[in-house]
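S.K.: Listed here are the chains, written in short residue letters.
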Amino acid sequence: MGSSMRKKREKKRDFNKAKLKVGREKAKAANFTDTSFKSKSIVVNQGVLTSDGIDSAEQFKLNLSFCISARSDNQRREAVAYITNQISSNPPNNPVGTSGVLAKLLPLLSDASTSVRAQLLKLFRALPPAEVGAHVEKILMYIRGGMTHLSPDIRTDTLSVLDWLLDVAGDEVVSCSGGWLKTINSFSSMLGWNPNVGSAMTSKGWTTASKATLGTKKGPEAQARQIQALARFLEVGFKPEAPVPVKAAAYWDNIYRLPTTPNPFAYLNLFGIPRDEENEMYLDRGSRQRVFDIKWRATIAAGMEGARKEGGTVGRAAAALGRALNGGLDSSESGSGN
Amino acid sequence: MPKRKVAALEKVEADLVSLQYKIRRDPRSYAQEFYDQWLAYDAQRQIFVSSPATASNEDVKKFHDLVDLVAHVANLYPEITAPFPDHLKELLNQHHAVLDKELREKIVGSLVLLKRKDVIDSTSLLTTLFPILINTPSKTLRSLLYTKIISDLREANSKSTNHKLNRTIQTVLHNLVTSDKTSTKGMWACRITRELWRRQVWTDARPVDVMKEACLSDNEKVVVGGVRFFLGGDKEREEALEDDASDDDIDLKKVKHQGTINKKTKKRSKQYEKAIEKIKKQEKKKHAPHPLNFSALHLIHDPQGFAEKLFQKHLQNTKNKFSLENKLLVLQLVTRLVGLHKLTIISLYSWFVKYLSPKQTNVTSFLASLAQATHNLVPPDVIEPLIVKIANEFVSEASAVEVCAAGINAIREVALRQPLCMNDTLLQDLVMYQKSKDKGVVMAAKGLQSLYREVYPELLQKKFRGKQATMGLRSGEIKLRKFGEEEEGGIEGLELLSRYKEEQKKKKAAEEEEDENGEKKEKKDDDEEDDGFNSDEWEIGSTDSESSGGWIDVSSDEEDDGPVKKKARKHKGDDDGEAPDLVDTEKEDPAVEAERIAKLATTTILTPADLAKLQELRREAKLDKMLGTTQSKRKKELIAKHIEDGVTAEDIELPAMLGKKSTKEERVALAREGKPGREEHKSTQAIRKSKKEAEGKSTTNKEKARKKNFLMTIGKARAKNKRSLVETKKALTNHIAKSKQGGRRRNGV
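Chains as they are written, first to last, in UniProt numbering: chain A, 1 to 338; chain B, 1 to 749.
No wet-lab data here; the hints were simulated from the structure.
The reader is advised that the hints may include incorrect statements.
Stated by the list, open to error - Straight-line alpha carbon distances no greater than 16 angstroms define the calculated EDC-like cross-link-like pairs of lysine to aspartate or glutamate that follow:
hint : chain 1 : residue 1 : chain 2 : residue 2
1    : B       : K704      : B       : E693
2    : A       : K8        : B       : D651
3    : A       : K11       : B       : E693
4    : B       : K309      : B       : D218
5    : B       : K462      : B       : D424
6    : B       : K148      : B       : E105
7    : B       : K359      : B       : E393
8    : A       : K104      : B       : E105
9    : A       : K7        : B       : E693
10   : B       : K313      : B       : E220
11   : B       : K117      : B       : D68
12   : B       : K22       : B       : D68
Predicted, not measured: the structure shown is a model, and the values here were computed from it.
Chain A on its own, in the form it takes in the complex (with noise of 0.2 angstroms):
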């Protein structure tokens, strides 16, 4: 009998009904530890609370890893912030080079915490201009991605490090391998005004396809400063290039001397993998706008147009992407002209 109740009191353990509690749950200790969970190996991370014994190099490498490993928004905006201050003092104490700097923090493009990504755009500018031009490419490649990044804030934020980028290099932005198509397809891309997607989809109908946003509020706000940002950087492109002013030497100097800037060559592609069409480097003018014109322009042209119609700030910003454009033109006629 005694066997027989046990099991009818296992049997029936099943099917009691848990009570179920309403309202907040208590708050836990303060020296609570969590021990549900089975783990083969935990990795402690290193952190120090003083920071007095560490040399300032020292600290200036451990910031620059907290910056990407930290796990808190608030750990990683101070770790930038503690950087940016160190390039920015007086004299910059930089341990490991721009370079460093760079390799480093270039992933924090995507950051999901809009106030790292403010305090990363003021690091950069208090980066040195003459040390970023050799790392265009590279910053470019993140700009690219960060321009078609799903969070509409992320675009935003990414735009304004692509004006930093113009301002402190402009030539190579625009000069650079992939800088100038794959740049302007990003544009094209996060604007809307993209062939390629249609093409891609099989409505060839006079009907457009219903475009879906994805919880992005395409204000006119965000899409004035897009356009913007592209006629900013057709400007860039189409500028007239300053005449070399005429050296004596440059011609012995281009044979005997080493060259000055980090990889010389790099139009040869001599290591690379090859590069189609859009990789390309186009180094002058006259090939940017020769290349826009066949690809770009009637695409950008139209949207342009489009929003010019809408008025307000996108209105403007249309219209000096249209003064760009223009430009581009008038400048290339007279280029020809010439």
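Let chain A serve as the given structure and place chain B on it in line with the hints.
M.R.: Same frame as chain A, now just chain B:
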């Protein structure tokens, strides 16, 4: 700009999973979003490709997610994603050594996914994965690729055999094995071929050819892989088949029962339907004709050349540095081939001489291989020195009994296949060992004696021949087959069929006689009865009854000539025969009978009905045969068994085990076998009960009754006490009557 409050949902912006879901729901509307992500993927890919080894974790993670997204929806935007498969292949080909582990797996998985979605085809997938499988140093990647390759090949062949793909892959494997004979890369060809052979995806001669090439490679590992395939691949395949059959049994009753008890939902009804479907499929499979799979050993092209090459390259070659174990494996394969295909490699036998001494490690394996390599077309004078050597080295009073038994048994195994290799003095000597004190030796010697009683009694001394052999010798039943002579083939049980047909004929004839007056009986006789026989029992055969009747007519016509011819030939044979004194001339009748029966097979066409009857008759006759003598049958079975499985060292060692006394531990282990394990002191009943409970089985009625709550039974018990005598009697008689009926459920009826 004032600070904007961010809604909870908006925070999780980079949610590629939900984007993927939305794209799948409505690809046209989300084309723009996808294109954005495609660009992001492209940018991320460039970041990654620019420095794959030093890419930061963040980048790798992002790239990983984007690859995942694109792979899942690539089939919806074929134009945009056209270069995607090439990107992945390129990444994998160039950077597989430095890629992050998870990303690498994701890329491989994405490629497989693309294949599943028919974006790329199997051939391009496999030709991408295969070189990486061979070259990568990473073990995890290798195992991943291996499983993917195997599963893809299986899937490609699941509905119908994909000959084109198979041919491509087999060619790749073949080239892999033959291109670089010294490298271990051939191992992968071996592994893949063997696995697909085991799963019966590949069953033709091409994979066998790949393995053949592997056997002829220079690398020891590859050779062993190939050899093991030939020695064990087919058995493995059979076992896998059995496992498959027994694996997924569905208890339909249980499912049905669950259906009545559980809540009725769509899901459950679907489950039930699926179970029924599966069972139907299984039934179909069971009734389907057994797939005719040849063993790998039979599918080898040019076995003679193969065996010769193997022997020369790995065994005869003195520079070969294989370990003894592996050499033995190769030897087993060579001898298996020789025995199975009756090949002739004369130098093989002289090679054996060196290894036939009791000191040689694994000598029983060598002996078994020797036995395996012997067949009736091996010249006896090649084997005789070996037999003599075995006898000299192993069989003597001074040697250990196990050695002696193994030697005699080995000689017996060889002689079983080529009885002519023995001379009478040696045989005499060996047979005398049955007077030994050790049981193993005695059994081995007796085995040899009984073998020669069957195949070549003249060689034995008269007193060892035994009754049956002597009688058979006198009657001419036992005849020595000369070297190279083959036994005539025949259809087993044909004589039964002919006898049955004759009986039927007679029966029919008698009936006819009774029914009709015998006017035209004589003429119609044959046709009618055959017709009747066919249409009565076998509808299939009725159509060609005319022709079959005609055939039988012919045979019965010639019946008169048969005996005469036979007699003449027999006499002629006697004139130049080897044992004319022992042959009785009265023994014509069986010979005539045999002739007549053979005629039945050669002159009539056996209809399916005939064959079925033959089967039935054979089955009936088997019972008689069990009682009668089955002399030569035993020998045939023995040979057949060895040809199928080969001789093993255990076979040779077997008689030595006979006389051995087992140790106490062995006996205890033997007694314990099959009994429940008992950790603590517990009764057998208790153990059984707990086992039953653990299996989730119910208790017996008796047990239930015993465990029933006391309070439930007390009422009945009290009532019983108050019954009158008559009532008690009634109850008892009822009880007896009921139990006679077999209980309430009438078990007896």
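S.K.: For each hint, tell me whether it holds in the structure or not.
M.R.: Each hint tested on the structure:
Of the pairs offered as hints, the one joining K704(B) and E693(B) holds, with about 14 angstroms between alpha carbons and a cut-off of 16 angstroms not exceeded. Straight-line distance between C-alpha atoms of K8(A) and D651(B) comes to about 58 angstroms, which puts the hinted pair past the 16 angstroms bound. For the proposed pair K11(A) and E693(B), the alpha carbon gap of about 14 angstroms is at most 16 angstroms, so the pair holds. In summary, the hint linking K309(B) to D218(B) is supported, as the alpha carbons are separated by about 12 angstroms, within the 16 angstroms threshold.
Only pairs whose Cα atoms come within 16 angstroms are accepted, and K462(B) paired with D424(B) is accepted, the gap being roughly 12 angstroms. Restraint check for K148(B) and E105(B): satisfied, since their Cα atoms lie roughly 11 angstroms apart, inside the 16 angstroms limit. Restraint check for K359(B) and E393(B): the C-alpha separation of about 10 angstroms stays at or below 16 angstroms, so the hint holds. With a C-alpha separation of about 25 angstroms, the suggested pairing of K104(A) with E105(B) is violated against the 16 angstroms cut-off.
At roughly 12 angstroms between alpha-carbon atoms, K7(A) and E693(B) fall within 16 angstroms of each other, so this suggested pair holds. Distance restraint check for K313(B) and E220(B): the Cα-Cα separation of roughly 12 angstroms lies within the 16 angstroms cut-off, and the hinted pair is therefore satisfied. For the proposed pair K117(B) and D68(B), the alpha carbon gap of about 14 angstroms is at most 16 angstroms, so the pair holds. Proposed proximity of K22(B) and D68(B) is supported: the alpha carbons are some 15 angstroms apart, at most 16 angstroms.
The structure is inconsistent with the numbered hints 2, 8, although it conforms to all the rest.
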